[in-house]
Amino acid sequence: MRRIALDAFDLLEPIARGGMGLVLRGEHRGLGMPVAIKVLSHARARQDRAIAGFQREVRAMASLDHPAIVRVLDHGVVTASAAAADPEHLVEGSPYLVMELAHGTLDHPAPARLWSRTRAVLRTLLDALAHAHARGLVHRDLKPANVLRVRLRDGSSVLKLSDFGLAHALGTDPADERGAAAGTPQMMAPEQFRGAVRDFGPWTDLYALGCIAFKLATGKPPFDHPDEDELAHMHLRSPPPRLVPLFPVPDAFEAWVGRLLEKSPDRRFQRASDAARALLAVDEGEPVSTSTVVPALPVVTSSPGTEVETAPATELRVDFGDDEPANDAESVVATLEDLPALAAIVAAPTPLATALPTDVAIPAALADSTQPREESLPDWRRPGSSNEPGWVGAALSLWGLRQPPFVARESEREQCWRALERVCQDGRARALVLRGPSGFGKGRLAEWLCERAHEVGAATPLHAVHEPVASSASGLPRMIGSHLRTLGLTRGGVLARVRRALPTEDAATCEAITDLLAPRDDRGATSSSARLAMVRRVLAQLARERPLVVRLDDVQWGGEAIALAQSILEAQGDQPAPILFVLTAQEEALAERPVEWAQLASLSGREDVAEIEIGPLSPGAHRALVERLLGTQGELAKRVAERTAGHPLFAVQLVGDWVERGILEPSAQGLRMRDGASAELPDDLHSVWRARLAHLLGEHAHEAGAGAARRALEILALAGGRADAAFLASACDAAGLPYPAAAIDRLLQSRMLLLLDESEGGDGITLELVHGLLRETLERSARDERRAGSHHAAIANALETRYHAGETGAAERLATHRLLGGDAAGALAPLRAAAREWQNRSDYARAESLLDRHAELLDRLGLGDRHPERLEGQIARAEILRRRGGLDRASSLARVVRTVAAADKHASIEARACLVQGFAEVERGEVAHGVEHLEQARARFEQLGDDAEASRALRAVGYAHWRRRELALGFHAYLRALELAQRAGDRLGVAAALGGAGISDPQHRPGDPARIGEALVIFEAHGNLYGMGSTLNSLAEVARAKGDLEEAETLYLRALAVSQKAGASHLEGIVIGNLAVVQMRQGAYADAYEELQLGLRRAERLGQEQLRGTLHVLSLAGAADAGAWEQWDWHEREAERVLGALETSEEDVAWAAERAAEIAAQRGEASRARAAYALAAGHYRKLGRHADAHRCEARAA
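Numbering follows my numbering, with no gaps: position 31 of the sequence shown is 42.
The set of hints was computed from the structure by calculation and includes no laboratory data.
A few of these clues could be false.
[Stated by the list, open to error] Simulated restraints, written as ranges between beta carbons of each label pair:
1) Glu790 / Arg278: 49 to 55 Å
2) Ala1135 / Arg900: 32 to 38 Å
3) Asp59 / Pro98: 29 to 35 Å
4) Asp694 / Ala91: 41 to 47 Å
[Claimed, not checked] Lysine to aspartate or glutamate pairs mimicking EDC-like chemistry, simulated, CA-CA at most 20 Å apart:
5) Lys649 / Asp695
6) Lys1053 / Glu946
7) Lys1053 / Asp1159
8) Lys916 / Glu946
9) Lys916 / Asp876
10) Lys649 / Asp686
Ideal Cβ placement from N, Cα and C applies to all residues, glycine included.
Whole structure, please, built from the sequences with the hints as guidance.
See the structure below:
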């Protein structure tokens, strides 16, 4: 074969052939460096889908930098000229991959049959896998043929892993949920035979490693059969055979291999580091010879179709492993439809039998191989990059895909690592806040910590990103969905994965978590407290298995994320959990977000939170970074370092721009300026971004479509810098632009654009600009060219469908883009919808800020006080006032709106104003007026045909009568509400009405457990935790009224647990009060007082004034019992201030005041006793219990 040019390389001769293509020896033309070029010429590999998958995997592989992972140098497709030069071996359009040249594999020449060599091979393989897995890459085709012998410059050989993910890339579509079995049958894990892509993970590779370990010890794989269906059956159903080694191995080695070969992924080691730690435990004793050791087999040094340079065993420096020849064990790709017999095998249930032998002593480390929490963490430092100067130049086309070297920041990394170590050892949460200007490495430091923690098995990382306007692609639910791999699934699929991931949670909790990840269409937005409660629940469960590092990026737009960290840190006294939060914030954007700024300031003031300032690199460190980027020292590195002045992102992008424009060329010493080339040193990073974009889009060369591609990228930037491909395509279509597929590929190749969630299905791929400063550069471009307005209009057009579908955050985003696109009137309704969404999450400050924008916009448009939009906004504001305890203002504002709406014939607005006014009046004790307005609201809603809202109004009427002990009236109202809810098909409304009827039925005193129980069943079926907690509280009330205090306490505790899960703080406070009354009736005043103080703190934080007053009265008895008279005085003063003006009361309040008076009298506190008797008398009188009031008044005299 003559020398054939293929891009920067020359093809010299074939060295191996297989079913998917062949491997050729090659050479880098400029450097003379030997390389291997794998050409995938099979017809399947040339399909567009396969090439796209191949390119994704190569991009991921290029980001790996480990001495035991083969360097990827280039990739592309075979050109027409190359194919014409050698039609026997090359097919035009075939993808190819350039990598380091190997001279053998793990099996060729055969590895030495020594335990020390086997152990070294396995440890190095595990270290390489740990590196890849920590960066989100699973091999999926680990086998001896993919473990290569590579000769170093000093003549020694090392073993390196190759071909990460290629079998998967060539065989599956990113959107496929199931159905693809890709890999090598001898080494494939059971989940690969099933094609269960969402179940792939580190454990998938570890199963294959178990097969390799078995073969290294015995000379053959654990399962082997010429019939593929039978082989699949063995992997899926058969326990592995006994391990009969060819040489002495430790007794526990068989058990270690057995753990790797477990059928269920959950029963295997979960991390490569876990397996490595267990392997060390296996190796604590000397290898033991047994009668099962058999004679060695003949050594095979080569096989047909390959040329292998056989190196003496003494030359081999084992850092990895050995494998089969490239043509010997071909990877297969098959769908289950292709193999009916395999599909039948897969469909059968998996046996639960363990793979571990029953007659071998199993070290404790095999039972729990995670990092022991009481021990110090491994050193965060690891051997340096595998890059050498020559390799930087040889891999120039992949320069943009390489992870920039992480230099210096030693003190910051040490601080992060020690914080994680403390979390692991103490089992208590802590937080780090990384602050500093954009572009100096906050995100890089957080990313490094997550990767290194995963790599050594110290923690499980989770990552949440935030956007200026929240969407379903960001925030805490997205973080949980990504970790549980639920993205793109139907609700049923999400629920199934939640149940599998959280097996100890009850059905209702799993339903509620599913609501967080895949909200029902028939349910409003979940409150922020409920959302946080579910996230806390998931994190607590995950942290039981292994500590967590929760990375929260751009929290200047993530108030909910800051609140999550704050709430978990505050709970460490009662609910400790090993979680390290790492928060990053853009200082420039934070200055414009006063709410999040205050939240972050409050968080940073805690003792368990540390701030780390990330500023410019020192001159020496920055020079070292630039030298690593260029692969050389000298004048060029000096000039770049001086110009970029400690700004790492500036340096990385400047060098990247020069590489892409061909200004730099490879040399044996690294990169150098090309002869005759000149490059200006730009003033700032934005200048670099602009130059890179112009080059990548082909603007300087006046390429067709360059302008359209830039406008499409501007749309992506204005949409927040992150969007799924379908949304971007829709926005481009609205703007009259083609989808910029070619430009996207170029930006992905240069790492200016990132590809996210490509394997999750449903959502398709998500695109993200690599940095906020790049987004800002594109935004400037759009503004400077006066096309930002039309871009925003196109984005708004694309958002319409998502807005009407009720997607989280779509309303606020639509309002924002309509405003910026010049459609101010069109922004009014989405602004109100966004305010309602935040109101339903209980984020009233955010909701009010949106209503302020709504009012300002109305003023700007000249829409007067009687305009329907103005009235709608005022109703929304009145509802927020009511929920925040501003009952007088809420009632007054609703009354004004109701009057105007009635006069102007706006029936729907009038009905909702009546409803808000009625609620407010009932809650402030004006029950008669409240009921009147609620009935008016009910009548209006029925006229409008809105039975669900009419039912809601009647339930409020029933509650008002129940509070006044007008049971017959309340019961009748609840029955009418039940009928309307049934007619509307509102199952949750049916449950609420049943519960209300159950507590108010005058024929079943103190309540009807059957009706309340029926309500509980419906709430449980819908996973409605608030409804469950409320009905459990009602059942407890019935039990207490019957005198069964033990049953009542049990039910209250269940209600408390459910309300805490739901984040239903208001309900939680009520249950705490009821539970305290039971405890007081049992004489446990100290226990009751402790619960009440907890409830008081929460009620104060949430602004629940009436509940605070009630809890203060209930606290009096506990203070008296403890002789805490200063506390008594405070409770009495606050109770009178809050409850004195109310027209209604509750029996528990009156009883608790009287009981406190009795205890105070017994303790000789006559004046305090008289005050408490007077307080009790007032509340008895409000309840209409005049005899009890007279009795207390007499004692108060």
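Status of the hints after comparison with the structure:
1. Taking 49 to 55 Å as the suggested C-beta distance range, the pair Glu790 and Arg278 conforms, at roughly 50 Å.
2. Distance hint for Ala1135 and Arg900: a CB-CB separation of about 36 Å, consistent with the stated range 32 to 38 Å.
3. At roughly 22 Å, the beta carbons of Asp59 and Pro98 sit outside the given window of 29 to 35 Å.
4. Asp694 and Ala91 have their C-beta atoms about 43 Å apart, which keeps the hinted 41 to 47 Å range intact.
5. Restraint check: the Cα-Cα separation between Lys649 and Asp695 comes to about 17 Å, which is no more than 20 Å; the hinted pair holds.
6. Taking the CA atoms of Lys1053 and Glu946, the gap is near 33 Å; set against the 20 Å cutoff, the hint is violated.
7. With a C-alpha separation of about 15 Å, the suggested pairing of Lys1053 with Asp1159 holds against the 20 Å cut-off.
8. About 18 Å separates the Cα atoms of Lys916 and Glu946, which keeps this hinted pair within 20 Å; it holds.
9. Taken as a hint, the Lys916 and Asp876 pair is honoured in the structure, with Cα atoms around 15 Å apart against an allowance of 20 Å.
10. Straight-line distance between C-alpha atoms of Lys649 and Asp686 comes to about 19 Å, which keeps the hinted pair within the 20 Å bound.
Comparing the model with each earlier hint shows violations of hints 3, 6; every other hint is respected.
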